[in-house]
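Per the numbering used here, the very first residue in the sequence shown carries number 191; after that it's consecutive.
In short, the hints are calculated from the structure, not lab data. Predicted model only: the values in this text are computed from it and were never measured. Note that CB positions come from ideal geometry on N, CA and C, so glycine has one too. Don't take each hint at face value.
Cβ-Cβ distance ranges computed for the label pairs, FRET-style [unchecked claim]:
(1) Thr227 / Gln202: 33 to 43 Å
(2) Gln236 / Thr197: 53 to 63 Å
(3) Asn230 / Ile209: 27 to 37 Å
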Amino acid sequence: MILCSITLKATQGLANMSINRIRRASIEKDEWDALKTFENVASEQQK
Numbered sequence: 191m192i193l194c195s196i197t198l199k200a201t202q203g204l205a206n207m208s209i210n211r212i213r214r215a216s217i218e219k220d221e222w223d224a225l226k227t228f229e230n231v232a233s234e235q236q237k
């Protein structure tokens, strides 16, 4: 019973870590997209 509880907590911890990684990757992609958009606009304004 104790082992089952420990295993469940470990599994939940890993799931939360995975979700956090996915969220972080999504935020980084959004930031990258925003930077690229900004660079494109700045480039167009210089023409």
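Structure-inconsistent hints, enumerated in ascending order: none
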